[in-house]
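**Student:** What follows is each chain in one-letter form.
There are 2 protein chains.
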Amino acid sequence: MIITKENILEFEKLYRTTFVNSMSGFKSASLIGTISDKRNTNLAIFNSVIHVGANPPSLGFLMRPVSVDRHTYKNIKEVGFYTINHINKDIFKNAHQTSARYDENVSEFDECGLTPEYSQKLKAPYVKESKIKIGLKFVEGQEIKYNGTIFVVGEIVEIIILNELIGIDGYVDVEKAGSITISGLDSYHETKRITRLSYAKP
Amino acid sequence: MIITKENILEFEKLYRTTFVNSMSGFKSASLIGTISDKRNTNLAIFNSVIHVGANPPSLGFLMRPVSVDRHTYKNIKEVGFYTINHINKDIFKNAHQTSARYDENVSEFDECGLTPEYSQKLKAPYVKESKIKIGLKFVEGQEIKYNGTIFVVGEIVEIIILNELIGIDGYVDVEKAGSITISGLDSYHETKRITRLSYAKP
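Chain order of the listed sequences is P and B. Note that the first sequence covers residues 23 to 224 in our numbering. Note that the second sequence covers residues 23 to 224 in our numbering.
In case anyone wonders, no lab produced these hints; they're calculated from the structure. Don't take each hint at face value.
Note that identical chains are pooled: a pair holds if it fits in a single copy or bridges any two copies.
Pairs of lysine-lysine, DSSO-like flavour, derived with a Cα cap of 27 Å [said to hold, decoys possible]: (1) 111 with 167; (2) 60 with 198; (3) 115 with 198; (4) 167 with 96; (5) 145 with 214; (6) 223 with 27; (7) 198 with 111; (8) 99 with 198; (9) 60 with 223; (10) 159 with 27; (11) 214 with 153; (12) 153 with 167; (13) 167 with 214; (14) 214 with 96; (15) 99 with 167; (16) 167 with 115; (17) 115 with 96; (18) 143 with 115; (19) 27 with 198; (20) 150 with 111.
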């Protein structure tokens with residue numbers, strides 16, 4: 023069947039949100055850790071983290087419009103650093119719970135049963151329970167004029183990871199790390215590798 | 023172990039590319055179909071498609087710097103329309119092959135064994151073999167100044183999908199559709215749903 027934009031605009035709001043959020047396919051599952059100038063920690067689940075560049079190493083994610091208070095983005099702008107932590111099978115329920123609306127002075131670490139952890143190099147909390155932890159320095163926030171979302175880019179400062187997850191060619195086995203993937207807003211999936219393919223030539 | 027930015031910058035180039043591309047976790051697997059003003063079709067695999075907004079319905083993806091010729095972006099700007107087609111288990115090898123460097127006048131549809139399909143509404147080719155096909159109108163390209171990549175936003179014009187994939191709440195079962203996920207540059211994974219979780223409250 024063909025569903026047009028006009029059909030989508032006529033959908034009931036929650037149905038539409040669920041439907042359109044399914045369209046991008048499988049998504050990364052990350053917890054973004056931040057801290058405010060006043061030392062309040064914040065932790066939030068994101069499913070929009072993508073690769074931006076390898077040299078210099080950088081990642082991006084999309085923030086919803088900041089017309090309402092977004093603690094994550096506010097902290098990132100205040101402090102200049104944040105962490106991206108892969109969500110694994112053992113913590114996906116805790117991670118999902120961070121999407122509840124907590125007050126700014128409440129830490130999702132406490133409320134959701136996750137443990138903040140700090141490195142010497144970065145002024146932002148990692149998630150101890152995560153197996154792949156990435157520390158980033160904020161470099162750019164590009165507003166999408168179309169709908170007010172913000173594409174946030176950070177440069178990788180450091181990565182905390184088990185050596186055994188890194189392959190001989192540099193590939194990191196995120197499946198072995200137990201990292202999961204999300205579809206829609208609330209569906210969590212584990213993965214099973216089909217294969218790796220070699221570099222394609224005409 | 024801790025791997026710093028300085029370590030990463032010292033990695034051999036291909037090792038670094040493979041390593042950093044693993045950091046974003048699992049990614050969507052899409053084929054983007056375009057056509058030039060001269061009616062040359064183009065098809066390219068992307069793993070950076072993400073949700074931008076539900077109302078109006080929109081998706082985004084990241085283009086690498088256009089310092090070299092990027093047929094996909096050139097066509098999108100010329101014609102104003104493109105398609106995003108989910109990659110499923112039956113076509114992931116064909117999809118991977120589109121990443122080879124073909125000349126502009128060669129169609130990846132022909133070279134990679136996939137079939138262009140057109141709807142009445144959209145001036146861009148869909149991939150017949152895909153189970154979830156999305157037609158989009160180009161609305162915005164935001165350059166990331168940090169490294170010259172471009173975040174491309176499109177508004178959904180129409181979606182071609184089997185009715186049976188759409189749940190009662192609007193959730194589209196991308197796993198049932200056979201959509202796959204990618205990690206790193208070349209690792210393909212099928213998925214197994216763990217569960218769906220309900221809307222989180224404090």
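**Student:** The structure should be examined with respect to each hint, and the outcome stated for every one.
**Tutor:** Each hint tested on the structure:
{"no.": "1", "hint": "111 with 167", "result": "neither (36 Å within a copy, 36 Å between copies)"}
{"no.": "2", "hint": "60 with 198", "result": "neither (37 Å within a copy, 46 Å between copies)"}
{"no.": "3", "hint": "115 with 198", "result": "both (19 Å within a copy, 23 Å between copies)"}
{"no.": "4", "hint": "167 with 96", "result": "both (19 Å within a copy, 21 Å between copies)"}
{"no.": "5", "hint": "145 with 214", "result": "neither (35 Å within a copy, 36 Å between copies)"}
{"no.": "6", "hint": "223 with 27", "result": "neither (38 Å within a copy, 31 Å between copies)"}
{"no.": "7", "hint": "198 with 111", "result": "both (11 Å within a copy, 21 Å between copies)"}
{"no.": "8", "hint": "99 with 198", "result": "neither (34 Å within a copy, 40 Å between copies)"}
{"no.": "9", "hint": "60 with 223", "result": "between (53 Å within a copy, 25 Å between copies)"}
{"no.": "10", "hint": "159 with 27", "result": "between (38 Å within a copy, 11 Å between copies)"}
{"no.": "11", "hint": "214 with 153", "result": "both (18 Å within a copy, 20 Å between copies)"}
{"no.": "12", "hint": "153 with 167", "result": "neither (36 Å within a copy, 31 Å between copies)"}
{"no.": "13", "hint": "167 with 214", "result": "neither (38 Å within a copy, 37 Å between copies)"}
{"no.": "14", "hint": "214 with 96", "result": "neither (37 Å within a copy, 36 Å between copies)"}
{"no.": "15", "hint": "99 with 167", "result": "both (19 Å within a copy, 17 Å between copies)"}
{"no.": "16", "hint": "167 with 115", "result": "neither (34 Å within a copy, 36 Å between copies)"}
{"no.": "17", "hint": "115 with 96", "result": "within (25 Å within a copy, 43 Å between copies)"}
{"no.": "18", "hint": "143 with 115", "result": "neither (29 Å within a copy, 42 Å between copies)"}
{"no.": "19", "hint": "27 with 198", "result": "between (40 Å within a copy, 24 Å between copies)"}
{"no.": "20", "hint": "150 with 111", "result": "within (14 Å within a copy, 35 Å between copies)"}
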